[in-house]
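*Asks:* Each chain, letter by letter, is given below.
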Amino acid sequence: MSSGRPIATTRSAAGMPTGRLAVWWVIASEIVIFGGLLASYVMYRLAHDAFAEQAAHTNTWIGAFNTFVLLTSSLMAVQAHKAADEGDGPRAARFLQLTAAGGLLFAVVKAFEWTDEIRHGFTITSSTFWSFYYTAAGLHAAHVLAGVVILLIVAASAKRSVELHRVELIGIYWHFVDVVWIFLFPLLYIAK
Amino acid sequence: MSNHDAGEGHAESGAHAHHGPYVRIWAILLALLVVSVAGPLVAALIEHRPTAIAITLSTAFGIAVVKAYMVVKNFMHIDFTKRFVPYLVVTMVLFMVLLFAGTAPDVMKVKGLNWEKPAWIEANAEAAAHPAGAHGAHGDHGESGH
Numbered sequence: 008m009s010s011g012r013p014i015a016t017t018r019s020a021a022g023m024p025t026g027r028l029a030v031w032w033v034i035a036s037e038i039v040i041f042g043g044l045l046a047s048y049v050m051y052r053l054a055h056d057a058f059a060e061q062a063a064h065t066n067t068w069i070g071a072f073n074t075f076v077l078l079t080s081s082l083m084a085v086q087a088h089k090a091a092d093e094g095d096g097p098r099a100a101r102f103l104q105l106t107a108a109g110g111l112l113f114a115v116v117k118a119f120e121w122t123d124e125i126r127h128g129f130t131i132t133s134s135t136f137w138s139f140y141y142t143a144a145g146l147h148a149a150h151v152l153a154g155v156v157i158l159l160i161v162a163a164s165a166k167r168s169v170e171l172h173r174v175e176l177i178g179i180y181w182h183f184v185d186v187v188w189i190f191l192f193p194l195l196y197i198a199k
Numbered sequence: 672m673s674n675h676d677a678g679e680g681h682a683e684s685g686a687h688a689h690h691g692p693y694v695r696i697w698a699i700l701l702a703l704l705v706v707s708v709a710g711p712l713v714a715a716l717i718e719h720r721p722t723a724i725a726i727t728l729s730t731a732f733g734i735a736v737v738k739a740y741m742v743v744k745n746f747m748h749i750d751f752t753k754r755f756v757p758y759l760v761v762t763m764v765l766f767m768v769l770l771f772a773g774t775a776p777d778v779m780k781v782k783g784l785n786w787e788k789p790a791w792i793e794a795n796a797e798a799a800a801h802p803a804g805a806h807g808a809h810g811d812h813g814e815s816g817h
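Heads up: the protein sequence lines correspond to chains A and B, in order. So the first sequence is residues 8 to 199, counted in our numbering. So the second sequence is residues 672 to 817, counted in our numbering.
The hints are simulated quantities; they were obtained by calculation from the structure and are not laboratory data. You may find that some hints are simply not true.
Here are the simulated distance ranges between beta carbons [unchecked claim]: (1) A:A149 to B:P757: 37 to 45 Å; (2) B:L712 to A:I40: 27 to 35 Å; (3) B:W786 to A:L112: 46 to 54 Å; (4) A:I160 to B:D777: 41 to 49 Å; (5) B:G783 to A:D56: 42 to 50 Å; (6) B:F766 to A:W68: 42 to 50 Å; (7) A:A20 to B:K782: 48 to 56 Å; (8) A:V156 to B:F755: 13 to 21 Å.
Note that CB positions come from ideal geometry on N, CA and C, so glycine has one too.
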């Protein structure tokens, strides 16, 4: 093993590669960030019926479509992981690119959705519900966009069959982004 | 041997053994998505409110928990990491529950054993909950459920 390889690959002090450990630590901190936001939303939602009136203006079908997109992109991510485990870098790269395409599609749909909502007067300052809506969905969308960038970077190296362990790491992150949306969807789009 | 293997990180996981029937899991997730959307639509047709609420909660949120579990288990392979990782994740979720338990009374109740919320707080909250400039027709119009 060359000394030039990153420590995330070569070290496994906790019984797993440091890179994988780091991703799980990131996810642990993200659970607190998103969890705090969602817990706050739930307590306000339960306390104020006006939240239901405002939630009625979100579009369930757009939310459902984006859920479909993220679930499918998660399938692509785990197929990339499988390909990487089999040592097939180019195939892993193709799956990662498809995953990134799913993320981009999600963001584009979200952009159209938000544009429509803002045109109808529902902005981040319209009410407490819309403040939560834009904050939670916006924070999630930021994670999607960051994930897309990392997916493409990892895909570029995977295509050359370099550092294939990264395929699993970005996959774990991407699945977490998917899990967050799985909870955001019923909270913001279904509970009316 | 691939670079992936060269990362020597799979000593605890048997990395090549845990890949499951991913397409089938994805299909189940999509079926659950359909149920989670259809459930509240069906509930909206039911006049008995407790039943409608039970259906909405179980199909929307119950299924969300199941979907999340399936993703974490089958796609994130949490079973194949070191045991402290699931403990870490559960601990963070418990922190979330602790946050809720600690702060929810202030938000959801107007008075407790030794305190009473000033009326202006609730009035402000109600005012903030209603939109300032937003106007009606949009999205799933008429599905307000209220």
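*Asks:* Return the numbers of the hints above that this structure violates; sort them in rising order.
*Replies:* 1, 5, 6, 8
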